[in-house]
Amino acid sequence: MYLTVLIALAFADPGDLGSNAGHALNGELTGSVRARGSGDRLPCTLTVGDETVTCQEDGSFSLRLAPGTYSVTVQSEDFADLLATETVVTATTTEIVYRLQPYSNDTTIIVYDDGPREYVSRTVLSADELASVPGSFGDPIRAIQNLPGVARPAGPQGDIVVRGAEAINTGAYIDGMPVPFLFHMFVGRSVVNPAVLEDVEFFPGGMPSDFGDVTQAVVNARTYYEPPKQGLHGRVNVDLLDGGFGMTARQGPWSLSAGGRVSWVSGLIGISSQIIAKAGSDPSYKVGWVSPYYSDFQLRGTRQMGDYQLAVSFIGARDALKVVPDRWDRDGDGFHDPNPVDEVERPFDPNTLLDSQFYLGEVRLDGKRTEHKSTTRLVLGWDRQSSLFSEFGQLSQAPELGKVEQITVIAERSDIVRISDTLTVRGGGRFQMRPTRTESWRDGTTETPSVVGQDNRLTAGLWADAQLDTGRWWLSPGVRLNGHRFSGRNTVLPEPRLTARYDASNAIELTAFVGRFSQTPPGHRTAPGIGNPDLPVMQAWQTSVGLNSKLNNGITIDATVFASYMPHLTVTSQQISLATDPLNDFDNALTTVVTNGYADTRGAAVGLEAMARLRPQGMWHGWVGLTLSKSFREGADSWYPGDYDMPISAIVVAARKLPKNWQLSGRFRMSSGQPYTPSVSIYSSDEMYWNAYGGPINSERLPLLHSLDLRIEKEWLGERASWTWYVDVMNVYNRKNPFMPSFNSNYQRLTREVYVPIIPTTGLQVDF
Amino acid sequence: MRALLTSLVALSACSQWDAPVVRALDYRIDRPRVVAVQTDLEQIGRGQSVLIDGLILSDTPPQSVQVLVCGFVEGQRTRVGDARCFQNDELVQQIATALPAIWTPPEISGDCPDFNDAFTDTFQPNTEVDNTAPPPLVRLCAADVLLAVRATWADGRTAMGSTHIEIASEDGPTPPRELRLPLQLRVPPTASAGDEVALEAVFGDPTRSRGYQWYVSDGELLKTGLTRIQRLEDEYALTDNILRIPDDYSGPLTVALVANGSYFSGQTVWRTAVIEVTP
Amino acid sequence: MKWTIGFMMVCSACGTGLLPNKAPQVTHVNGTQLQMPIRGYGQLPGAFVTPGQTLIFQFEINEPSSPGYDVYWPEPLPGWHWEAETLTATWTVPDVIVDYDLSTSMLIVDRDKTDPRFTQVYIPLEQLYDEDEFVDE
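Residue numbers (this note's numbering), protein chains in the order written: chain A, 1 to 768; chain B, 1 to 279; chain C, 1 to 137.
If you're looking for bench data, these hints aren't it; they were derived computationally from the structure. Think of the CB as a built atom: it goes at the ideal place given N, C-alpha and C, for glycine as much as any other residue. Don't take every hint at face value.
Per the computed footprint, the stretches of chain C lying under chain B, defined by three or more beta-carbons under 8 Å from a beta-carbon of chain B, are [said to hold, decoys possible]:
no. : stretch
1   : 72-78
2   : 103-109
Residues of chain B placed beyond 10 Å of chain A at every Cβ, according to the derived structure [unchecked claim]:
no. : residue
3   : G45
4   : D59
5   : P100
6   : I102
7   : P188
8   : A191
9   : A198
10  : V202
11  : R231
12  : Y236
13  : D248
14  : Y249
Chain A extracted, bound-state conformation (with noise of 0.2 Å):
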């Protein structure tokens, strides 16, 4: 009989064994729910299947359960509903913590999560909808470009620009660490693997106060200090691109995680290019490429004493675009013939076109107890970028035909006090300091740079607001006293900043913001010999006035009408002068030198964003976001549009859960194009051939911009892991949107020969 029953549940399915609680094989999923922020614990209900179940007081659940697939719907009021697909396994607990998003916010808070993965604070914000979002490759940070309000440019670099700012107005941070990019250029794949990021926090603008030195945007990926779950847990993903690898583990009062990425395309690119160049009958010939190589890396250990946590960490990203030359081998001897170009002595390696990279360490000290938390840290890091591009137009993260490294010393201390149920009150001060040292290398050919400069950057801010919270009304008056050091300057400037929120009804909130910013201008931009060092702090005053909205049927729609004054901005300009140049002329006549310089100018932009979202429910989720705007630039005689002016800009998100595990997801944008300053041609009459020079600035438009995004995924659910398998096809149907003008040979025909072709990608990625 004994034996007939272990037969018997040998062979059972395991569905057959029903959810008693108390059975042998069942398995349990516990653990609690908080909101996500402060971490509170909520009073909470737990849908999973057929059934509900509330949660102790404390916020903490245990269910014991079969071994299967289940659908979990985790709800408390006040906050937003999580749904979540968890795998409970045969005699095993698994204990998850589940973070809710509170309803009312001002700020786009957006949580990666890539599905039916064992760990994490999810959101209904992330599960369903950026994970899929196609044409970002998968990658939550990329996806902030499909928001509106956001400006898509249709070039490879992965910038984020926001209400007709310029790139170098969002802040890129990670964990509140300042990094010079979050993307790797051309790929646009973040620095940042997905696997170790918790959520990524976007302000479009109207940051609080304990944002400083950035005067627009604020992207912030923040990566997990203290893993929700136990044991060992991360992914794997490969594809054509690049392989990387995200890991949390946790023990105890002991956590790590890590993360890291390498990218193979460059390898890809040279036998395709081997492939396509016609190198005809000539064997002792073998064509050179151009291809971008990008690594990234991140490492942090955590431990958890009581009510605090001690963290230790360090990040890392690499972008580089190198140049494999052309070979001849004329003489047969074997190896490539010798290239005079190559032997002279250079300060620079001439085939790294750019090279940019940073590496960052932090210690850092949380205090958590409810009533006071606080963060102290102490931030450590070097960053350099390099560039041979002269004329290419400034890429935000290089410097034009040079050098840039800087060494960044940071220390920070904040705390945030709850004085009682309606008020609490943050603070905090933080101090920075960046010796910049920088090189040009205009002179090419000689042993030393020409140029050499440094410089010791300091920026420091202090901040204090309040936060208010009547019910119907939430008010946070803050203030940041900033002061910035650069080029033997010093500025002071006190920044006052309002956020007020009114719940006007259940359905709808209404927002507004005003306030001011101040930013050192990049280190490259005021580098002497590369930069201009008599450019001042930059400046802006914001305000925006919104309506959140959410209607019975899962639908939300958000409107913001925004405005902002930048009393010194800083653009690029071409500066043509005369000079002696020892390169070109040996006798000392002057010639014409054309330098791309920065200057400071004013600024404004006003526009209206809106966004109609239907959360994920059902088949299918996504959003429509339409962005009407104006951004111009002061000029020397009138007003000019911004380099980002894109008055009308449309974006469609869209995907549907297939059955078996498939999903289908499509992305498609539609904007007006960017403008561009015109070449006016002058026929060379001597030489027979045209030339060209610059006219108005920005007075062109380029054409009209749109591409369609499609993905499609496949995910299989093992007892260990999941695995899922993508297609991502980036631009369709191969629409030439150039990103820079190019002209034909006698400037009257924009060729559309700069653009992003169509770009398919396929990937595994394994979940464990």
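Using the hints, position chains B and C against chain A.
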């Protein structure tokens, strides 16, 4: 080196890629154009005057014409070949408002290196050559600037053409280019729409074999807009073309021929003619 | 050369992209395959010519996309004759050669006006001089 680096970015190369097509086929006067600018001197000696002329082709006469020089600095030698010089108004001077124009440039500094000193250690002068004779008027002692003709129309359209000119900082007149080389353009005075008409040009220098650039108001040039010498007669070079007039054309049809100086180290000359086309 | 091959991901239309509009291609001249090491540019083997000699070039052109192409001969040599129907160029070298440079080029231009492409084929020709002409006196 810098030029090599900038050319690594495909843009500048991409903008010249269809030059052979444009030079051969962009011959219709479908927009205002300055198709030739000439000077009667290749190098202006100290105190000399230069005659500047240009050919402007358009459907209507321009409202204004400016003759501009870019990169000229009084008292200073400059070497300017980049058309972007015209982007900086401070470097541009207007020297006339009609064509033809005469310009006498102010003096530039004689701060010229000695012919031998001008060479760096890398390039040793050839000591076997007898260089005791006075050196010729050399490039080293001149300024090289851009001259341009800019025409503006009432509706805001503009057209621009340019040429180089050297201004010597030492005495010595330079021989002017042969200004009055005979060029005769032979076209029928009248034709009907749809006709193919023969165009012929006779040029007074038999050695000038190439660089004949044709322009027409409309129609198709069966030998393209760029032709070369077809035959010699006595001391004259002949080139020709065939114009197919569109079926729906009527009225005056302009034909222009520019014999471009760059092929000949000589002067650019041009002629225009009109064919009255009846429907 | 390297700049025409590189930037595969961005400068697609400079001849290295995945789906560019292709230029018309000259595949054969007088039955011999024409190598075109650089996209859009080809060169025939050079030839020496003497007055009275007749040269015939019979081309095979492949145009992969509509709406077709046109062939042009800029700066045509005196007496150069092109037969569009048979894609044949014929030239009888004149008795008096008036032009020291006898090279010529063929332009094949796509009729696609939105994204025109072209191919250029260079034909190097040179007059064959009698050696006696250069005897020192």
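* Just pull the numbers of the violated hints for me, sorted ascending. => none
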